[in-house]
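With the hints as constraints, model all of the structure from the sequences given.
As they're listed, the protein sequences go chains X and H.
Numbered according to full-length UniProt numbering, the first sequence spans residues 1 to 402.
Numbered according to full-length UniProt numbering, the second sequence spans residues 1 to 402.
In short, the hints are calculated from the structure, not lab data.
Predicted model only: the values in this text are computed from it and were never measured.
Honestly, I wouldn't trust all of these hints.
What the hints assert, rightly or not - Quick look at which bits of chain H chain X covers, simulated, 3 or more residues with Cβ under 8 Å:
hint: 1; stretch: 96-110
hint: 2; stretch: 211-224
hint: 3; stretch: 227-239
Unchecked claim - Per label pair, the in silico range of CB-to-CB distance:
hint: 4; chain 1: X; residue 1: A285; chain 2: H; residue 2: A297; range: 43 to 53 Å
hint: 5; chain 1: H; residue 1: V5; chain 2: X; residue 2: A69; range: 46 to 56 Å
hint: 6; chain 1: H; residue 1: V248; chain 2: X; residue 2: E301; range: 16 to 26 Å
hint: 7; chain 1: H; residue 1: V248; chain 2: X; residue 2: S26; range: 54 to 64 Å
Every residue gets a Cβ at the ideal spot worked out from N, C-alpha and C, and that includes glycine.
Number of protein chains: 2
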Amino acid sequence: MHAMVRRTHEERVLAALRAGGALSRSELARRVGLSRTTLSEIAASLLRRGAVVVVDTDAATRSGSGRPAERLALDPAAGQFLGVDFGHRRVHVAVADASHEIIASGAAPYDDESWTTRIGLALGLVDRLVAREGLHFGALQAVGIGVPGPYAGDSSGGSPVAWHRHATPGGLHDAFADRFGTPVFVDNNTRLAALAEAVSRPDGPTDLIYVRLSDGVGGGLVVAGSLVRGARGFSGELGHVTADPGGVTCRCGKRGCLETIASVPAILATCRDRGVELTDLRDLAVAVDRADPVVEAVLREVGTTLGRVLGAAAMVLDPVDVVVGGEVAHVAPVLVEQAAATLRYELHSVPTDTPRVVRASRLGDHGGALGALAALFHESPLLAGYAAPEAVAGHQSRRSAR
Amino acid sequence: MHAMVRRTHEERVLAALRAGGALSRSELARRVGLSRTTLSEIAASLLRRGAVVVVDTDAATRSGSGRPAERLALDPAAGQFLGVDFGHRRVHVAVADASHEIIASGAAPYDDESWTTRIGLALGLVDRLVAREGLHFGALQAVGIGVPGPYAGDSSGGSPVAWHRHATPGGLHDAFADRFGTPVFVDNNTRLAALAEAVSRPDGPTDLIYVRLSDGVGGGLVVAGSLVRGARGFSGELGHVTADPGGVTCRCGKRGCLETIASVPAILATCRDRGVELTDLRDLAVAVDRADPVVEAVLREVGTTLGRVLGAAAMVLDPVDVVVGGEVAHVAPVLVEQAAATLRYELHSVPTDTPRVVRASRLGDHGGALGALAALFHESPLLAGYAAPEAVAGHQSRRSAR
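Next comes the structure, spelled out in structure tokens:
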């Protein structure tokens with residue numbers, strides 16, 4: 001094989017492993033578009049040089065019969081990746097090696113709204129993990145950080161969203177860059193959770209609309225396998241789509257945003273307005289369990305409104321899945337059921353099976369931190385709109401050359 | 001320069017010219033990511049072999065001072081491309097050469113709803129153009145066809161949208177493929193018009209939401225520089241987003257779709273309901289000119305509804321532009337103004353200049369045919385979701401390798 005051809009092949013195999021974690025030789029051959037023979041030759045060379053290692057076999061996951069196939073991955077020691085998710089009430093941290101294995105993770109709660117405190121807590125948490133697990137961050141490749149609220153990028157000095165109570169400071173990026181001396185990638189944590197959902201699918205990234213019902217309501221989009229950033233970094237703001245033009249005033253200043261109806265505080269407030277005193281999600285879970293008819297009616301109404309907003313978005317985007325996240329989706333399945341029913345009606349004119357409406361379950365609380373890691377592993381290919389113009393040009397020429 | 005490196009560079013230059021039409025050496029160097037020196041060397045070799053020709057200079061379009069630069073393009077004789085747009089009342093045809101120059105175009109009206117008749121008319125029109133312009137279709141590279149209504153692709157045997165009165169027959173693709181013996185690409189014509197709008201921008205493809213108000217209401221999306229197809233080929237269906245849940249029944253079966261409010265027949269019907277007899281767009285234009293207060297109120301109401309639907313979509317997608325197309329956008333500017341004002345309100349929570357709301361003007365009636373040509377020129381890079389998995393893998397590896 002010509003040396004230059006070989007190097008190109010090697011780069012593509014390494015990129016596939018960087019994006020996909022551990023893969024068998026057949027999976028690699030398919031993803032990279034090489035024959036099994038060529039792939040084996042490339043893999044042998046990479047194994048010999050120690051760039052790639054055999055991590056396990058696919059015995060646990062394979063569906064067919066026959067001998068289990070070895071799975072290859074980048075040498076785990078070749079690099080570590082740090083994912084950080086600043087939630088509303090706590091920070092989650094996850095460290096992954098180059099084979100996508102989570103080697104350490106933890107969380108620290110906070111009440112304080114100050115970002116100085118939060119950043120300090122996060123760095124302290126990382127220190128404790130490093131000490132406990134005996135990690136060596138000399139191999140740290142990059143840091144991905146999820147933050148609440150819209151995030152328009154560092155060029156604007158952090159989040160310029162003044163009305164958002166967790167407005168991200170411009171110093172966040174620098175605090176981590178200075179500390180670890182690596183590239184730091186910051187984005188909205190709900191968007192990163194959408195990416196984590198999309199890449200966790202067995203068939204690779206799936207086009208989806210993700211909405212998270214929590215203290216606020218946020219969302220993210222994956223289109224054509226790529227996380228959509230938007231022209232100004234504000235895509236996926238489902239929480240501030242107007243759901244009821246004459247509704248109550250939202251913290252953003254508009255009336256009747258989805259968030260004023262479908263956030264957890266809004267749901268609890270509506271229940272209270274109808275005479276059912278609920279103070280938190282646990283109370284709501286109890287009320288759902290005892291089949292409280294007032295609470296069920298409220299959840300159905302919220303589900304209908306959510307289904308309308310998601311239906312409009314799905315009509316425009318035609319996704320594979322619509323994913324509803326946030327604890328309330330688990331506590332109150334009737335809400336998700338009703339949203340799914342309304343969405344089916346809204347997509348009535350599209351003569352196919354409508355998108356599946358599914359609960360975001362698997363990633364749980366770590367969605368943002370795992371999404372931050374996913375963003376690092378996948379780099380630009382999953383980040384539509386993040387790519388520099390040259391990358392788009394390169395992409396274009398490669399596709400046209402097919 | 002190594003022969004293989006040279007060939008890769010040549011392929012990228014040819015791809016850039018295929019996608020971008022005539023370009024100067026500096027533009028080419030920037031798009032392909034090569035130095036001016038390397039680019040000049042590659043260009044010289046392509047010019048020598050006749051693959052590329054000098055078509056003109058950028059004297060007419062350049063903004064700076066200095067000597068006008070030569071613009072290079074693929075040899076126009078190297079291939080022709082046929083764009084066909086089946087509108088509601090006529091078919092448009094445009095033939096472009098490899099330098100993106102339209103070398104022939106024409107239209108033929110029809111009343112008949114039969115697709116056999118329409119296809120016959122289109123093929124006859126092409127024959128007349130060929131005869132009149134002395135074209136040789138030996139160099140025909142591909143045919144792009146726009147059709148009204150949702151189009152889910154040929155795999156489903158044409159459009160399965162039974163309620164749509166212009167449901168596309170499965171035989172459309174084959175009729176052109178058999179006749180011309182080239183690849184044939186079929187898509188919804190509004191989506192193709194969106195692509196034509198996006199690629200006609202001076203800075204290259206712009207992220208936009210495009211809506212066309214006509215006999216029906218359709219739309220298209222360009223996200224991260226790519227036309228969005230959707231998981232099932234149904235993206236951009238803005239006309240069937242519910243704008244008024246209790247509204248009148250739409251031909252699709254739902255209630256209060258945007259199309260029941262903002263299509264041209266719906267606008268005329270609302271004016272008639274309020275006592276102003278209008279039979280067509282010309283009547284509407286006259287009423288707008290005489291500042292009829294009833295008509296103006298109707299147009300403001302329609303604009304508000306349109307702005308809400310576009311606002312929700314823009315909140316989710318964060319596009320650069322929102323483009324309103326269809327003749328009524330020109331006849332009734334107050335409608336577009338009001339939609340822009342409502343959209344500004346809807347995007348209130350996003351602390352940036354909102355997307356510009358612009359009228360789709362430049363492409364006029366030929367939008368669909370030009371969009372079909374744009375789809376051919378740009379092939380997969382502009383068609384997110386159209387690409388085969390291998391292309392995505394290739395794209396990924398290239399970006400990761402940066």
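Structure-based check of all given hints:
Counting residues of the stretch 96-110 of chain H whose beta-carbon sits less than 8 Å from any beta-carbon of chain X gives 0, not enough to reach three: the coverage restraint is violated. Residue count for the stretch 211-224 of chain H with a Cβ under 8 Å from a Cβ of chain X: 4. That meets the three needed, and the coverage hint holds. For the stretch 227-239 of chain H, the stated coverage by chain X holds: 11 residues have a C-beta nearer than 8 Å to a C-beta of that chain, and at least 3 were required. For X/A285 paired with H/A297, a C-beta distance near 50 Å keeps the hint of 43 to 53 Å intact.
The hinted range of 46 to 56 Å is not satisfied by H/V5 and X/A69, whose Cβ atoms lie roughly 35 Å apart. With their beta carbons about 24 Å apart, H/V248 and X/E301 fall inside the hinted range of 16 to 26 Å. For H/V248 paired with X/S26, a C-beta distance near 55 Å keeps the hint of 54 to 64 Å intact.
Hint violations for this structure: numbers 1 and 5, all remaining hints satisfied.
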